[in-house]
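Asker: These are the residues of each chain, in order.
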Amino acid sequence: MEQKRNDLLISPFLIMFIIHSNQVGVGILGFPRYIAAYTGNDAWIVVIITGIIFQVFIWMMYRVLSDGSFDIIDLHNKWFGKWIGSVFNLALMMYLLLGTIVILRTFIEVIQAWMFPELATWIPVAMYLLLTYYVLAGGFRTVAGICFFGVLIPMWLVFTATAPIKFSTFSNLLPIMDHSLKEIALGTRQMTLSFVGIDILLLAYPFLKNPKSSRIWAHMGVLLTTLIYTMVMVVSLAFYSEGQLQQSIWSTLIAWKVVELPFVERFEYIGITFWCFVVFPNICLTMWGASRVGKKVLHIKQKYFIFILITFVFIACVMVVNRDQVDYLNTLTSIIGTYVYYFYIPFIFLYSTIWRKVTRRI
Amino acid sequence: MKWFKRGASEKPSTLEEMVKDLKQSIDFVSYENKESDQSYRLIYFASLIDPEQLHRDILPVIKECESKSLEDLKGILPIENIEIQSKLSLIQERLLEGHVAIQLSRGQKVLLVNISLRKSRDLSAPEIEFSVMGPKEGLVEDLHTNMNLIRRRIPHPRLRMKEITVGTVSKTKVVVAFIEGVASEQNINTVMQRLEDLDFDIISDSSFIGQMLEDNSFSVFPQMIDTERTDRITGHMNFGAFAILTEGSSNALIGPINFGQLLVSFEDYYLGWNIASFFRIVRMIAILASIIATPLYVAVLTYHYELFPSKLLATLISSRSDIPFSPVIEVFFLEVTIDLLREAGARMPTKVGQTLGIVGGIVIGTAAVEASLTSNILLILVALSALASFTTPVYRMTNTIRFLRYPLIGFAQFLGLIGVALFGLFILTHMIRLTSFGNPYLAPLYPPRIKDWYDSFFRLPYVMQKNRFQFFRGNQSTRFEDKKKKAKHSLDFDEQ
Numbered sequence: 001m002e003q004k005r006n007d008l009l010i011s012p013f014l015i016m017f018i019i020h021s022n023q024v025g026v027g028i029l030g031f032p033r034y035i036a037a038y039t040g041n042d043a044w045i046v047v048i049i050t051g052i053i054f055q056v057f058i059w060m061m062y063r064v065l066s067d068g069s070f071d072i073i074d075l076h077n078k079w080f081g082k083w084i085g086s087v088f089n090l091a092l093m094m095y096l097l098l099g100t101i102v103i104l105r106t107f108i109e110v111i112q113a114w115m116f117p118e119l120a121t122w123i124p125v126a127m128y129l130l131l132t133y134y135v136l137a138g139g140f141r142t143v144a145g146i147c148f149f150g151v152l153i154p155m156w157l158v159f160t161a162t163a164p165i166k167f168s169t170f171s172n173l174l175p176i177m178d179h180s181l182k183e184i185a186l187g188t189r190q191m192t193l194s195f196v197g198i199d200i201l202l203l204a205y206p207f208l209k210n211p212k213s214s215r216i217w218a219h220m221g222v223l224l225t226t227l228i229y230t231m232v233m234v235v236s237l238a239f240y241s242e243g244q245l246q247q248s249i250w251s252t253l254i255a256w257k258v259v260e261l262p263f264v265e266r267f268e269y270i271g272i273t274f275w276c277f278v279v280f281p282n283i284c285l286t287m288w289g290a291s292r293v294g295k296k297v298l299h300i301k302q303k304y305f306i307f308i309l310i311t312f313v314f315i316a317c318v319m320v321v322n323r324d325q326v327d328y329l330n331t332l333t334s335i336i337g338t339y340v341y342y343f344y345i346p347f348i349f350l351y352s353t354i355w356r357k358v359t360r361r362i
Numbered sequence: 001m002k003w004f005k006r007g008a009s010e011k012p013s014t015l016e017e018m019v020k021d022l023k024q025s026i027d028f029v030s031y032e033n034k035e036s037d038q039s040y041r042l043i044y045f046a047s048l049i050d051p052e053q054l055h056r057d058i059l060p061v062i063k064e065c066e067s068k069s070l071e072d073l074k075g076i077l078p079i080e081n082i083e084i085q086s087k088l089s090l091i092q093e094r095l096l097e098g099h100v101a102i103q104l105s106r107g108q109k110v111l112l113v114n115i116s117l118r119k120s121r122d123l124s125a126p127e128i129e130f131s132v133m134g135p136k137e138g139l140v141e142d143l144h145t146n147m148n149l150i151r152r153r154i155p156h157p158r159l160r161m162k163e164i165t166v167g168t169v170s171k172t173k174v175v176v177a178f179i180e181g182v183a184s185e186q187n188i189n190t191v192m193q194r195l196e197d198l199d200f201d202i203i204s205d206s207s208f209i210g211q212m213l214e215d216n217s218f219s220v221f222p223q224m225i226d227t228e229r230t231d232r233i234t235g236h237m238n239f240g241a242f243a244i245l246t247e248g249s250s251n252a253l254i255g256p257i258n259f260g261q262l263l264v265s266f267e268d269y270y271l272g273w274n275i276a277s278f279f280r281i282v283r284m285i286a287i288l289a290s291i292i293a294t295p296l297y298v299a300v301l302t303y304h305y306e307l308f309p310s311k312l313l314a315t316l317i318s319s320r321s322d323i324p325f326s327p328v329i330e331v332f333f334l335e336v337t338i339d340l341l342r343e344a345g346a347r348m349p350t351k352v353g354q355t356l357g358i359v360g361g362i363v364i365g366t367a368a369v370e371a372s373l374t375s376n377i378l379l380i381l382v383a384l385s386a387l388a389s390f391t392t393p394v395y396r397m398t399n400t401i402r403f404l405r406y407p408l409i410g411f412a413q414f415l416g417l418i419g420v421a422l423f424g425l426f427i428l429t430h431m432i433r434l435t436s437f438g439n440p441y442l443a444p445l446y447p448p449r450i451k452d453w454y455d456s457f458f459r460l461p462y463v464m465q466k467n468r469f470q471f472f473r474g475n476q477s478t479r480f481e482d483k484k485k486k487a488k489h490s491l492d493f494d495e496q
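Sequences listed follow chains A and B, in order. With my numbering, letter number 107 in the first sequence gets 107, and the count goes up by one each step, no holes. With my numbering, letter number 106 in the second sequence gets 106, and the count goes up by one each step, no holes.
Source of the hints: derived by calculation from the structure; they are not laboratory data. A quick note: this is a predicted structure, and the numbers were derived from the prediction, not measured. Possibly wrong hints are sitting among the right ones.
What the hints assert, rightly or not - Taking lysine-lysine pairs in the DSSO-like style, the calculated list, with each CA pair at most 27 angstroms apart, reads:
1) B/K109 / B/K136
2) B/K87 / B/K173
3) B/K87 / B/K136
4) A/K209 / B/K451
5) A/K82 / A/K357
6) B/K109 / B/K63
7) B/K311 / A/K166
8) B/K87 / B/K11
9) A/K257 / B/K311
10) B/K119 / B/K171
11) A/K295 / A/K82
12) B/K451 / A/K212
Use the sequences and the hints to build the structure in full.
Answerer: Right under this line is the structure:
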């Protein structure tokens with residue numbers, strides 16, 4: 001652990017913005033369809049259940065991290081030794097990079113589908129990655145600042161999401177709880193992709209002032225995400241019929257079309273424009289996390305390692321050319337994310353509990 | 001000192017050589033009186049000294065002086081700041097500051113008497129930062145007058161003024177003024193250190209120092225406030241900032257600042273808090289609108305015309321139907337015209353400038369629309385955004401706002417609304433990273449310091465401004481003591 005410098009740390013309540021901004025990404029623009037495929041009108045219950053499960057994950061993570069001020073990279077090395085620890089850390093890095101690629105490429109897919117059908121992928125990718133470098137060069141405080149504004153600036157869009165209520169039939173939600181547990185479980189697994197992102201806590205923890213007191217804010221972050229997702233889900237279920245929802249890939253975007261302003265006809269354009277601010281913190285955080293691993297495990301300066309990462313992400317994003325591949329990438333991330341959350345986090349939780357007991361006895 | 005190539009190689013070694021060297025200037029005087037027992041010599045720059053003082057206070061004393069030593073003369077002369085000096089470089093320096101050197105016997109020793117002539121213009125009302133309410137008192141070019149103006153406003157022993165000389169050739173005197181205890185020591189140390197490290201030949205104005213002291217000199221955002229208003233200077237010093245006064249400059253520099261303070265007119269403090277808050281919010285909206293209005297026009301008309309409802313689109317199309325250019329060319333043409341007008345207006349004498357405004361604004365504007373070079377909707381947008389950009393109370397910020405729209409127009413043409421958003425992200429990141437003397441530029445917004453919000457985007461009444469800004473990290477945290485609340489008046493409504 002490097003020497004803690006007070007001027008590099010951030011206020012504990014900013015973890016709320018970090019966690020929330022890393023959870024909300026492109027998924028929210030289209031997730032109702034995938035969940036409703038399993039659970040139909042009960043999809044909103046799935047959102048709440050997943051939210052609660054993720055609160056438990058936050059609790060577990062804080063239990064894991066609560067001894068001193070280490071991040072997961074140090075803990076891996078401590079628990080498993082240098083070699084196996086490094087394997088874990090590099091796997092973590094690849095997972096974070098996959099996150100970057102998925103969110104960036106999916107968002108560019110949205111831009112291409114809605115605004116610029118003929119836009120070459122590499123142009124926005126390059127611009128985003130250059131911006132990411134500029135943010136990361138400002139240190140973690142800048143990254144946290146981007147998260148803060150990335151939540152605040154687009155926050156007003158929440159109000160526009162309620163516009164379709166005028167045209168909704170809330171009886172669509174009835175009858176409540178007419179799906180089997182298995183269907184709910186499948187929906188929850190599908191929902192996990194939209195909730196992943198709290199793993200950044202494992203890396204950001206040592207950068208918080210009074211990290212222990214930040215737990216309540218981390219819970220608030222997940223709560224905010226859950227509230228927004230539930231609202232979007234309820235509005236989507238009430239606005240679309242079940243069959244219609246299955247045919248709308250970007251259901252939230254389509255619902256935006258009904259927003260009426262005196263001088264704006266197609267509101268989703270403004271929505272997508274502001275979504276640039278939502279997506280950017282995700283990219284910054286995951287790239288920051290990956291470069292931290294590079295710094296601590298491979299002992300390459302973050303300054304240089306980030307160039308390697310940028311090149312890698314750039315090539316990976318450009319190689320994904322069509323909608324099917326983007327979909328495949330999302331499914332892949334969803335599966336990996338499920339394993340990470342439902343196996344890895346409980347595993348480190350148990351391991352650290354046992355480790356603590358064993359070392360205390362000695 | 002590469003500036004004086006010759007001077008550096010031929011440094012005079014005796015007083016005689018120095019006098020001979022300086023004699024090449026017409027304003028240099030070396031007067032020798034060789035009357036029997038009263039031999040003395042005066043050396044001075046006639047252009048720098050006050051001849052009246054020389055004739056009234058110095059010459060009679062020398063004439064009547066019986067003694068032959070400089071020490072005795074030093075005792076009799078009715079002037080402060082006299083020193084006996086034999087070091088050549090110091091003598092030359094003092095001569096150039098307006099001292100007169102008196103020599104009684106041959107040798108290096110001289111008596112240096114300060115009788116420098118101080119000429120400055122009278123005080124006048126601030127011209128750049130005009131205000132309807134509040135004191136109309138602006139700084140002048142004379143350092144002493146400026147120090148006097150500030151000291152009179154804060155007659156407190158803790159008001160410190162530290163002097164430092166910068167500029168290897170101009171030897172400009174710079175004073176850093178601050179209130180001890182209110183300003184944080186760290187900030188004062190930083191600025192003193194940077195002033196000491198400053199290495200430049202001629203400092204023509206305080207803005208030279210401002211540019212050299214900034215944390216990030218590549219940024220287009222000002223990291224210090226240039227002001228000529230004495231109330232603004234003392235007001236900021238009371239927050240915990242320091243002011244840098246420069247000899248020969250009618251502007252002081254205030255630092256550290258944050259971005260919000262660039263949008264604050266000091267008149268806001270003279271108006272009621274609710275009215276002032278309203279104007280601040282109007283100003284912020286105006287600035288945002290000023291930057292993005294024309295880029296949005298380019299973005300929407302080039303890529304996203306579906307964004308407009310059909311009625312509005314019809315109006316737009318009919319006003320643009322005759323125009324042979326793409327929106328971006330049209331916008332560039334008009335924006336450059338506005339900047340031309342502004343630039344011409346700034347270089348012209350005031351009266352000509354007014355005429356220019358009328359000619360430029362009305363004639364060029366109307367003619368351009370009639371010749372169908374631009375649409376009249378764009379003309380309205382450009383005029384409004386130009387107007388909005390001049391609502392900023394700090395002149396350098398106005399320039400920043402006028403500048404920022406050009407790259408933004410480029411991005412809007414390149415990637416439409418996405419380009420505008422990406423450039424917005426770039427500016428946001430830049431501002432998060434920017435610091436003013438190590439203090440975050442976007443504070444109190446980020447890092448969030450909610451306790452500082454009472455005087456930021458809005459202003460609360462003075463009763464609620466008890467705490468000083470956390471931003472400046474001074475030692476004294478409150479501005480006044482709590483007193484017992486007294487009811488201002490009571491009505492039958494309040495009675496039990």
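Asker: If a hint holds in the structure, say so; if it does not, say that too.
Answerer: We went through each hint and held it up to the structure:
1. B/K109 / B/K136: Violated: B/K109 and B/K136 sit about 49 angstroms apart, past 27 angstroms.
2. B/K87 / B/K173: Between B/K87 and B/K173 the Cα gap is close to 22 angstroms, so the pair holds against 27 angstroms.
3. B/K87 / B/K136: violated, 46 angstroms
4. A/K209 / B/K451: holds, 18 angstroms
5. A/K82 / A/K357: Status holds; Cα separation ~22 angstroms.
6. B/K109 / B/K63: Given pair B/K109, B/K63 holds - Cα atoms ~19 angstroms apart, limit 27 angstroms.
7. B/K311 / A/K166: With a Cα-Cα distance of about 24 angstroms, the restraint between B/K311 and A/K166 holds, given a limit of 27 angstroms.
8. B/K87 / B/K11: holds, 13 angstroms
9. A/K257 / B/K311: Satisfied, since the Cα-Cα distance of roughly 17 angstroms is no more than 27 angstroms.
10. B/K119 / B/K171: holds, 18 angstroms
11. A/K295 / A/K82: holds, 15 angstroms
12. B/K451 / A/K212: Roughly 23 angstroms separates the two Cα atoms, so the pair holds.
Hint check: violations occur at hints 1 and 3; the rest are consistent with the structure.
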